[in-house]
Structures are given as C-alpha cells and as structure tokens.
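Participant: Residue numbers (my numbering), protein chains in the order written: chain A, 16 to 312; chain B, 3 to 358.
These aren't lab readings, by the way, just hints derived from the structure by calculation.
All C-beta atoms, glycine included, are put in the ideal place defined by N, C-alpha and C.
Watch out, some of these pointers could steer you wrong.
Pairs of lysine-lysine residues, derived as BS3-like cross-links and limited to a Cα-Cα distance of at most 27 Å, are as follows [stated by the list, open to error]: (1) B/K189 with B/K249; (2) B/K10 with B/K189; (3) B/K133 with A/K136; (4) A/K98 with B/K345; (5) A/K205 with A/K98; (6) A/K136 with A/K146; (7) A/K181 with A/K299; (8) B/K189 with B/K324; (9) B/K249 with A/K306; (10) A/K205 with B/K345; (11) B/K133 with B/K166; (12) A/K181 with A/K205; (13) A/K205 with A/K299; (14) A/K299 with A/K146; (15) A/K299 with B/K10.
Distance ranges between label pairs, derived from CB positions [stated by the list, open to error]: (16) B/Y186 with A/T195: 20 to 30 Å; (17) A/F298 with B/E211: 35 to 45 Å; (18) B/P128 with A/R105: 31 to 41 Å; (19) B/I22 with A/F229: 53 to 63 Å; (20) A/S17 with B/A293: 50 to 60 Å; (21) A/A87 with B/K324: 50 to 60 Å; (22) A/S17 with B/A209: 54 to 64 Å; (23) B/L288 with A/P77: 16 to 26 Å; (24) B/G179 with A/R284: 55 to 65 Å; (25) B/L288 with A/T191: 14 to 24 Å.
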Amino acid sequence: MSLSLLLQNIANGLSLGSLYALIAIGYTMVYGILRLINFAHGEIFMLAPYFLYFGFLIFHLPWWVSVVIAIALTSLTGMLTEKIAYRPLRDAPRVSVLISAIGVSFFLQNLAIVVFSGIPKSVHRPKFFTKIFQLGDIRIQSTLFASIGISIIVLSLLIYIVYRTKTGLAMRAISTDIETSRLMGIEVNKAISVTFIIGSALAAVGGILWSQRFPQLFPTMGMIPGLKAFIAAVVGGIGSIPGAMFGGFILGMSEILFVTFFPGSSGYRDAFVFLILILILLFKPDGILGKKVQEKV
Amino acid sequence: MMKRQNAKVFTILALIVLSILVYLAQNKLDPYQIRILNLGAIYVTLGVSLNLIYGFTGQFSLGHAGFMAIGAYVTALLVLPPYYKEMIFILEPLAWPFTVIHAPFLIALLCSGLMAALAAFLIGLPVLRLKGDYLGIATLGFAEIIRVIANNLPHITNGALGIKGIPEFTNLWWTVGVAVVTIYIIKGLVHSSYGRALMAIRENEIAAEVIGINLTYHKVMSFTISAFFAGVAGGLFACLLTTIDPKAFMFIMTYNILIVLVLGGLGSITGTVIAAFLYNFLLEYLRPIEAGFQIGPIVFPAIPGLRMVTFSVVLLVLIIYKQSGLMGGFEFSWQAFFQFVNKLFTKKKPTEGSTS
Numbered sequence: 016m017s018l019s020l021l022l023q024n025i026a027n028g029l030s031l032g033s034l035y036a037l038i039a040i041g042y043t044m045v046y047g048i049l050r051l052i053n054f055a056h057g058e059i060f061m062l063a064p065y066f067l068y069f070g071f072l073i074f075h076l077p078w079w080v081s082v083v084i085a086i087a088l089t090s091l092t093g094m095l096t097e098k099i100a101y102r103p104l105r106d107a108p109r110v111s112v113l114i115s116a117i118g119v120s121f122f123l124q125n126l127a128i129v130v131f132s133g134i135p136k137s138v139h140r141p142k143f144f145t146k147i148f149q150l151g152d153i154r155i156q157s158t159l160f161a162s163i164g165i166s167i168i169v170l171s172l173l174i175y176i177v178y179r180t181k182t183g184l185a186m187r188a189i190s191t192d193i194e195t196s197r198l199m200g201i202e203v204n205k206a207i208s209v210t211f212i213i214g215s216a217l218a219a220v221g222g223i224l225w226s227q228r229f230p231q232l233f234p235t236m237g238m239i240p241g242l243k244a245f246i247a248a249v250v251g252g253i254g255s256i257p258g259a260m261f262g263g264f265i266l267g268m269s270e271i272l273f274v275t276f277f278p279g280s281s282g283y284r285d286a287f288v289f290l291i292l293i294l295i296l297l298f299k300p301d302g303i304l305g306k307k308v309q310e311k312v
Numbered sequence: 003m004m005k006r007q008n009a010k011v012f013t014i015l016a017l018i019v020l021s022i023l024v025y026l027a028q029n030k031l032d033p034y035q036i037r038i039l040n041l042g043a044i045y046v047t048l049g050v051s052l053n054l055i056y057g058f059t060g061q062f063s064l065g066h067a068g069f070m071a072i073g074a075y076v077t078a079l080l081v082l083p084p085y086y087k088e089m090i091f092i093l094e095p096l097a098w099p100f101t102v103i104h105a106p107f108l109i110a111l112l113c114s115g116l117m118a119a120l121a122a123f124l125i126g127l128p129v130l131r132l133k134g135d136y137l138g139i140a141t142l143g144f145a146e147i148i149r150v151i152a153n154n155l156p157h158i159t160n161g162a163l164g165i166k167g168i169p170e171f172t173n174l175w176w177t178v179g180v181a182v183v184t185i186y187i188i189k190g191l192v193h194s195s196y197g198r199a200l201m202a203i204r205e206n207e208i209a210a211e212v213i214g215i216n217l218t219y220h221k222v223m224s225f226t227i228s229a230f231f232a233g234v235a236g237g238l239f240a241c242l243l244t245t246i247d248p249k250a251f252m253f254i255m256t257y258n259i260l261i262v263l264v265l266g267g268l269g270s271i272t273g274t275v276i277a278a279f280l281y282n283f284l285l286e287y288l289r290p291i292e293a294g295f296q297i298g299p300i301v302f303p304a305i306p307g308l309r310m311v312t313f314s315v316v317l318l319v320l321i322i323y324k325q326s327g328l329m330g331g332f333e334f335s336w337q338a339f340f341q342f343v344n345k346l347f348t349k350k351k352p353t354e355g356s357t358s
C-alpha cells in the first residue's frame, strides 16, 4: 500500500473518530451522572440533521441560521426527554430507567417516521464542505478538516465548561455523589438538565457533520452510529470525558484501518469494532481512562 | 395451609384446562389471532429464559438476539429438505454438512438450543467476569458479532438474503408446550439449591463467594441454560415467520425481550408471562391506528409509524407509573391464589365482625 493511501485513510479515521467522540460525550456525561445508558441518544443525533433540512429547505432560512436553530431544537428535545421520561424515575430501579430510555428511542424514531416520513432525504452540502484539497497524492475533502476542526473547538469549549465553570463543578460533584451534592445545596435537577443540553448539542453538531459526510437522512440513521459512539464511550472508560474523546478516535481509526488493511473482509468491520470493545473490557474492565471502582461487601 | 400434593393436583388440572384452551384456539381462531398468540408464547419462553440470567442471577445480559439467531438458523437449515436448500442458496452453494442433513422439527429445536448453549458457554466463560452494564454491553457486542457473521457467511446462512420458505411447523401446541416446559424447568431450577446460589450471587457477589459459591460455575450455568431456551425460541420463531435474515436479530430484538421482562417485573415469572402476551397484543391491536380510517365524512389517512409512536407512549406511561413492573416481584402460587379467592368470598365477614 502506498504511503499516501495510508495517510488518506488515517485522515479518514481521524474525521470519523471525531464524530464518534462528539456523540460519545453525551453518553458518557449522562452515564457519569445518572448511571444510565441513554439509548435515546442516537435518536437525538438523528434529529439534528432533520431539523437542519427542514429549516433550510422548507423554511428557506440561511444555512448557518438553520444550523444554529437545529442545534438549539435538538438540545431542547434532549432536555425534554430527561424531564419527561427520566426525571420521574429518579428513585426507580435502574433497569426501569433503561426501559424508559428504550421507549424514548422508539418514540423519537417513529415520530421521525410520522413527521419526516421514512423516505430517505438527501442533504444540502454548502460549498464550504465539498471543496477538495490536493496535498501531493492525497485528496481530502474539506468535510474532513471541518469535522476535525469543529470537533476540536467544541470539545475544548466543553472541557472549559466542565472543568472551569460553576455549572461544570456541580456536574462533576453530582457524578461523584448525587445525594451529598443535594445536601450541599447543588440544584441537582438543573445541573442534570444542563448536562442533557450539552450532550444533545454535541450530538447535534456530530449529526450535522455526519450528514455532510454521509449525505442521506433516514429515521433509523442514528442507531448504528449511536451504538458505536456508546462503545467508544465504554472503550474510553464510561463517565470520563477525555475517555470518550479518546475512545471515539480509537474506534474511528481502527474501523477505517481495519477496512484499509483487510479490504476483503470489510463486511466484518462492525464485528471488529465489537471485538475491540470486548477485548478492552476483558483486559481493562473500566475502560482505558476509566476510574477503578473498588468493590466493598 | 395447602399441601404440596394439592398444589400438584391443581397444576395438573390447570395444564388440562390450558391444553383444552390451546385446542380450541388452534381450531376456532383465525390465523392472524393464532399468530399473535404464537408470538406471545415465544416471548414467554424468551422472557422467562432472560429472567433466569438477569432477574434471578442478576447478570445483565443483552445477548438474547444473538442466541435466537443461532437457534433460528440451525432450525432452518435442519428442517429444510436438501433439494430445496440447493435451490435457495444462490449467492454461494451451501457448505457440506448442511447439504445432506435433514431432521424432524423436535430434533432441530433441540439442536438449536444446544448450539446456542454452546455459543453461550464459550462466550460466557471469559465475559461473565464483567459486571453490570459492562457485561450488558459486552454480551450485546457478541450478539451483534453473531449477526455480522451471519451476514457474511453466504455458504451457510445465505448472507443478507436470508433463508426463505421455511416450513411452518410452529403452531400453538409447540409454542405453548415449549413455554410450559421452559417455565417448569426454570422454576424448578430457581427453587433448587442452584437457584438459591444464583439468587445469592444476584444479591451480593462477594458475599456469595465468601460462603463458598463457585461464581464462574453458577453464572456460566445460568447463562448457558438461558441461551439454550433462547435458541429453542429462535427455532420456533424461524418456523413461525417462515423466513429469516440477519436483520431480524438486531439488538432491537433483545430490547423487546428486556421490555417484556421489566414490564412484567424483574424476577417474576408470572409477570413475564402476562407481559409477554400483553406486549404482543398491544403491538398488534394498535395496528388500526396507522392503517387510516374513516369516521363519517372525515377520512383519516394512513400514517406509517403512528402505531409505534402510540406504543412507545403506552410503554413510557406504564414504566413511569409502574416502576417495578406490573407484578413487582410477585409470583403466582396456588396458596396465594386460594387465599385471594377466599378473601373475595368472605369479604363481608370482617366488616360485620369489626362493627360488633
């Protein structure tokens, strides 16, 4: 294999990884705080490009305005799902909340079929995303740079919020101990709402970038990326934000490189991803950057 | 107090009543209704088997769709006559042993269960060391790997095309029969010393280990038995739908079983049975909602997806208002049943007594 092809694929892997990282953060933040696998996160991810599609093509808003509105609406949806479906179950058995999340996932997916119809829709791609750069032998679409660049900006912003602001402090306190945080006067519900807003906004950015890379919309498009991003979160150590980013990049990279080196068995690409997950879990059960939890009797 | 002997007599009586009901249903109901009941009974088998590993042993397993897939493919390959198999494998010719093997339905079902159990044994040995959600996601991963493999082995599974024209052997006698046998075996297991060990593991793994319970042995046993019944249910499923492909066994399938289990109440076999039928009735009888209908002059157009929207709303409401499931941890027993009946008929007496 030529070096340029390898470099090309590494760039591909990085860009796919950055998208996984964006989605994985929503999973990891919610898990860190509520110990809930938010199965509806993939559907939140799917909603953003649809909102964008409708804002731009049906209501004829400028593209950038539609993007902002789409992200805002997606965050709102994320916040509302928590308020309606998870908050009443805060003291319920954990598996009941999980079922509630599956219910929300069914609901959003089928609501999308009802409202947006199940027929796939093609995505408008602004010139900014379709420009092609020629670096020697390598041809790189600007989507690639855009997804990596935007992810880095967004993720830095996130790190600032979580580690340098009061809300971030509250979120971290809750993830350590929700009861004590409540006693300390932290407004738990508000912080949880903020968590969902941030997680959903990141998923929205991820979803819009995803739709620029794979320009087709359909109501079940969130399922597989959602599952893989969740795996990325687990691989990185669920509950850890740097872990989710790291896991996302590892997953995107290994997926692309697997197909590069074994083009004959590209059908097994998803199986390979799961195999990585299982191997990492077996040898490092808390993920790569996860905290070790000591078990007591 | 009721004697154990009496309980046995009542159980046998109930089974006789059940078989009369099955006989009537099989002969009097239309094929659509029979199909719903069949699905319900298959979900009972699936739910009760998942209940063994999750509800009673406390090991969060999301691998049921994978074990079902194994069962479905094994049954399909065994019950189809060789000449027919040659005809449908158009992508690549069928691999050797399957071109000649042909077995009756019962044998095929047993083989399905055994193959699924074997897979579970091999998967379970390393994976069951994991705990909680990690175990769930690892087993989910294995189920997806099984599905991806099914998609990529055209000379065994016919790849993404799936296998069509499987003979429709499944009827209510099979589905209800398998469900009853599953309940009988798993209930027996739960009430044996093994079952106590499993529940001890669920309550506290370290404490269970300290009192001398072999964790790996019990967990793997529970996982393997659970997968066996999932495999059998997969076989029934294949011969009910008559066509299978890898897409039918995506992780949504596992979610469905998990919903049945939690809706019924974790650790309650009674709850699982009720929820399994309720779930399928609900899914099917909500169909008219999206079919489009007419009330007087107003025509409601058909809206695809509306059925599942309604269904998910019902599901959310149920889980929010019945947080530990319909039955909680409650289990049916003849003793409780007769106490309940007694209470119904002697309702007036205590109130008269209290006034005096």
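Participant: For every hint, state whether the structure bears it out.
Facilitator: Right, here's what the structure says about each hint:
no., hint, in the structure
1, B/K189 with B/K249, "violated, 32 Å"
2, B/K10 with B/K189, "holds, 14 Å"
3, B/K133 with A/K136, "violated, 41 Å"
4, A/K98 with B/K345, "violated, 42 Å"
5, A/K205 with A/K98, "holds, 10 Å"
6, A/K136 with A/K146, "holds, 22 Å"
7, A/K181 with A/K299, "violated, 32 Å"
8, B/K189 with B/K324, "holds, 25 Å"
9, B/K249 with A/K306, "violated, 36 Å"
10, A/K205 with B/K345, "violated, 48 Å"
11, B/K133 with B/K166, "violated, 39 Å"
12, A/K181 with A/K205, "holds, 12 Å"
13, A/K205 with A/K299, "violated, 34 Å"
14, A/K299 with A/K146, "violated, 42 Å"
15, A/K299 with B/K10, "violated, 50 Å"
16, B/Y186 with A/T195: 20 to 30 Å, "violated, 48 Å"
17, A/F298 with B/E211: 35 to 45 Å, "violated, 22 Å"
18, B/P128 with A/R105: 31 to 41 Å, "holds, 35 Å"
19, B/I22 with A/F229: 53 to 63 Å, "holds, 56 Å"
20, A/S17 with B/A293: 50 to 60 Å, "holds, 57 Å"
21, A/A87 with B/K324: 50 to 60 Å, "violated, 35 Å"
22, A/S17 with B/A209: 54 to 64 Å, "holds, 60 Å"
23, B/L288 with A/P77: 16 to 26 Å, "violated, 41 Å"
24, B/G179 with A/R284: 55 to 65 Å, "violated, 41 Å"
25, B/L288 with A/T191: 14 to 24 Å, "violated, 43 Å"
In summary, the numbered hints that this structure violates are 1, 3, 4, 7, 9, 10, 11, 13, 14, 15, 16, 17, 21, 23, 24 and 25.
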